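**Q** Residue strings, one per chain:
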Amino acid sequence: MIEVLINSGLQLMLLLLVAPLLSGIIKTLKARLQTRRGPGVLQSYRDIFKLLRKGMVVPETASWIFSAAPYVVFCTATLVGLMIPMTTTHAPLSLFGGVLAVIGLLALGRFFLALGGLDTGSSFGGLGSSREMTISAIAEPAMMLAIFTVALGANSTNLSEMAKIAVTQSWRFLAPSQMLAFAALFIVLIAETGRIPVDNPATHLELTMIHEAMVLEYSGPYLALIEWGSSIKQLVLMTLLVNTFFPFGLSSDWTLRTVGVGLAVYLAKMILLACMVVLVETANAKLRLFRVPELLMVAFILGALALISTFLF
Amino acid sequence: MSMFPVRAAFELGIAVYLTGACASIASWQKPALARYICCGTALTGASLEALAVVFGILQGSPVHWSVSSGVPLFAYSFSCDALGGFFNLTLAILVIAVAIYSFGYLKEFEGKRNIGVFGFLFHLLLVSLTITFTAANAFLFLIGWEVMALAAYGLVAFYHEQRESRQAGLLYIIMAHADVGCLLLGFAVLIQGSGSAEFASFHAAAAHLSSGRQSAAFVLFFLGFGIKAGVIPFHIWLPAAHPVAPSNISALLSGIVIKTGIYGMARIFLDSLGGVPSWAGLLVLIVGLISAVLGVLYALMEHDLKRLLAYHSIENVGIILMGLGAALIFRVAGHPLLAGVALIAAMFHTLNHAIFKCLLFLGAGSVLHSTGTRNMEEMGGLIRPMPVTAFCFLIGAIAISGLPPLNGFVSEWLTYQSLLAGFGVTGSLTRILFPLAGAMLALTGALAAACFVKAFAITFLALPRGTKASHAHEAPRSMLVGMGILTGACVTLGLGVTWFLPVFNAMTDQLLGQRVVANLITGSGLVLSAGTPRSGTVSTAIIGAGLLILLLPATLLVSIGVRRFGRKSGPVWDCGLPGLSEENEYTATAFSKALRMIFSVLYKPRREIQTVFDVSPYFPKEIHFESEIEPTFEKRLYAPLQEFIFRFSTRMRTIQAGSIHAYLAYIFVTLVLLLWFGVRK
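First to last, the sequence lines map onto chains A and B. Under our numbering, the first residue of the first sequence carries the number 1, and numbering increases by one thereafter. Under our numbering, the first residue of the second sequence carries the number 1001, and numbering increases by one thereafter.
Because the hints were derived from the structure by calculation, they are not lab data. In this text the structure is predicted, and so the values were computed from the model without any measurement. Where a beta carbon is used, it is the ideal one built from N, C-alpha and C, also for glycine. There may be inaccurate statements among the hints.
Under the rule of at most 27 Å between Cα atoms (straight-line distance), these lysine-lysine pairs were calculated in the DSSO-like manner [stated by the list, open to error]:
id: 1; chain 1: A; residue 1: K286; chain 2: A; residue 2: K27
id: 2; chain 1: A; residue 1: K286; chain 2: B; residue 2: K1621
id: 3; chain 1: B; residue 1: K1112; chain 2: B; residue 2: K1030
id: 4; chain 1: A; residue 1: K50; chain 2: B; residue 2: K1568
id: 5; chain 1: B; residue 1: K1635; chain 2: B; residue 2: K1468
id: 6; chain 1: B; residue 1: K1593; chain 2: B; residue 2: K1635
id: 7; chain 1: A; residue 1: K269; chain 2: A; residue 2: K164
id: 8; chain 1: A; residue 1: K269; chain 2: A; residue 2: K27
id: 9; chain 1: B; residue 1: K1568; chain 2: A; residue 2: K54
Some, not all, of what chain A presents toward chain B, calculated at C-beta under 10 Å [stated by the list, open to error]:
id: 10; residue: I65
id: 11; residue: H90
id: 12; residue: G104
id: 13; residue: S122
id: 14; residue: M133
id: 15; residue: F173
id: 16; residue: L272
id: 17; residue: C275
id: 18; residue: A283
id: 19; residue: A285
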């Protein structure tokens, strides 16, 4: 019990602190790749801090749902973060929710954010909510298939169990099924975190925005919670991807050395994945909304192939 | 503990229902009295039935009694066992909530409609449902089934002055009789094998049936119960009948009447037939899969609130059948433990769906009661005049979308786990189906969430879209209490699932010969596990607590910010054009536009836009917009069928010449043929 609490506390700190950093790193890397200087890796912290110190304007038309959404987004993302293994194979709350709970909780956050978008009565919010729910709905089966492939290998939907199995077979990621599942989940990651070519996090153009349209009416501390929650969600999904397929360096005991190595390797892996995301973002143009289903269909087919190859090879 | 008189309580409950039926109709001229009688007796009867069931399950052994009738093959045999008892408990919970709700709801009937007749049909429905779930004789079961169909017909067509209601009632009664026909034939196969119509005799006889007869029985029962449960392609009566009935009846129709189909399948396939071949299990799974996905896809295109909910019933019946199909497959494959988990998933989802769907229909009833419209496009902003209804509807919406930590999540979680387990235990070709079914379940869940974002937001959020919505008022207190009970049940069954699950021990013991619940609960009784070691675990109670704990720092952050830097309300961003009005809001049609285009192969949407302008097409005076999707099943399956029946009847008319001599000849020929058949045997 004490161990769970300490572990939760440590991982909570890690989540809250690393998530904005990762967003900052992605922004800076992207800027550098486009030969801009970029705002610096600490910009996301500054943004959140600034928003927390701003007055808040709430639309006259909004109800309590509008106010509830930021809390739900933030709490679900953070709780999910405690269910996935980050630097050790022991995720603090992994007994209380496996991968299905992770997907479910993220969906709960999305559900409320979409309601918040529609609550204002602004067309932008409705547009964002409609697109967000549509894209997440067609991303879901691909995500489930890819995760099932891994879960079937580990015989468990419990993320710590999955990580423990994965640690014992370090070279498993070379198996065709794992590579296919990774590819599928990577596409889903792009869609779920709202990055190019699915959504552009830097745009406020009504033709293209999805996530930004939903949160258009939020300001001040509410917006800070949403931004923070979204960056935690991004961190969580990236961690999930990295640690299920490349579990190197996950510490399985509590000595200082293994924990230190675990942390260092974890950060290195995340930066590497961030580089991949940035490369994809820079090399591609944003897709038209109605081309996105085709991309996600590719992910679904990759997931199905991954599943079939688990018992072919 | 002395034995609780289960039978006496059960019979007393039935007697109360019957008294209620008679007393309601007797007091039809005094509407207020009829209303009190109607709701009061329903409440009393349901409480008695609930007591009988709860004690029946607690005492562990099924209570069986039989009164002979003198008619061959027919006896008044009742059996209060774990399976029937579970459905009776579900019924009782819903009836208690609906009866309380109806105190307020029926008030508007006073002086306009005949509450006496309503109460009569209502109680008849309750009696027949109770008998259907307890009958242990095929003919008693069929009588209960038929009375249920007739009572439900009367209630569906209760607003009989409306053409829509009459048509829906007609469609319902036709479908109900197609299903009772299939059931009659199915029972005929079983009765021929066993020589008795008692359910208890079927089990032994089914083992000696040839595989052809067994398959025939399976197909007939699957058709019969499938029509009642509303699986695709037999679903068309659901979206027609549920919306037009009074809302408290829609809640019961979706909550429990369609579940009689699920009950029948569990009773016949698992108990009477003692297991079905594995192709049959696969068929149930695949039909469930199709119903789930298509049900939710059609629901997304609806903007009639009650029709939308009716389509979601099709979806959820699909999810239940996925669990049931998996249970049938595992049982044949020799994995009673996994079969138990899958069966619990299916039955728990049955209960959960009954509760949240009843809640949502009651919520829709309150909205309809208050605004007078079922069209979501005319609603909006109802969360302000109707805060309690909105909150209850929101909880129902979260539960039906399968989101943690409410009850819908738990039963879908169990379904996922049994589908995953299916990969390990079946042959190489069918095993691939299980994870794919899981993926489709994920699609269903996500689409359901999208659909309920639409349903809740367009109905309750933003600005009112018309005068009907802007003059809305909160429902009377009794209606709120009725919804509150079900809202509480959604939360309790979600967070406290590990305390509730032992109820299923008796059922899996009865149907599969194994008590499995102990395997499902670990972690000091807080954690739900999927039954096998190392498989997934989840704890909704901890998730709920975790969310509350994390809420604390978040609230602190925001409240410090608000205290120091202020919070004010202002107008919504209107792009600089003043006067953002309700006409600028997103509509239900607009919300589902993206999905309509993505799944256009299925929907075949058609739209028509006419613009009227004076000078320039850029400044239209008025725009006429019309959009519809193709009702594929109605058009491609039922329209040709209907045409065939009409053509066939026209041709048959030639032998109905109206001459009495011809008719006498027919009778003579029939008699000779029958005699010939009789002698030959």
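**Q** Against this structure, judge whether each hint is valid.
**A** Consistency of the hints with the structure:
no.	hint	result
1	A:K286 to A:K27	17 Å, holds
2	A:K286 to B:K1621	36 Å, violated
3	B:K1112 to B:K1030	12 Å, holds
4	A:K50 to B:K1568	18 Å, holds
5	B:K1635 to B:K1468	34 Å, violated
6	B:K1593 to B:K1635	22 Å, holds
7	A:K269 to A:K164	18 Å, holds
8	A:K269 to A:K27	17 Å, holds
9	B:K1568 to A:K54	12 Å, holds
10	I65	6 Å, holds
11	H90	14 Å, violated
12	G104	4 Å, holds
13	S122	5 Å, holds
14	M133	4 Å, holds
15	F173	20 Å, violated
16	L272	29 Å, violated
17	C275	30 Å, violated
18	A283	26 Å, violated
19	A285	20 Å, violated
When the structure is compared with the earlier hints, violations turn up for hints 2, 5, 11, 15, 16, 17, 18 and 19 and for no others.
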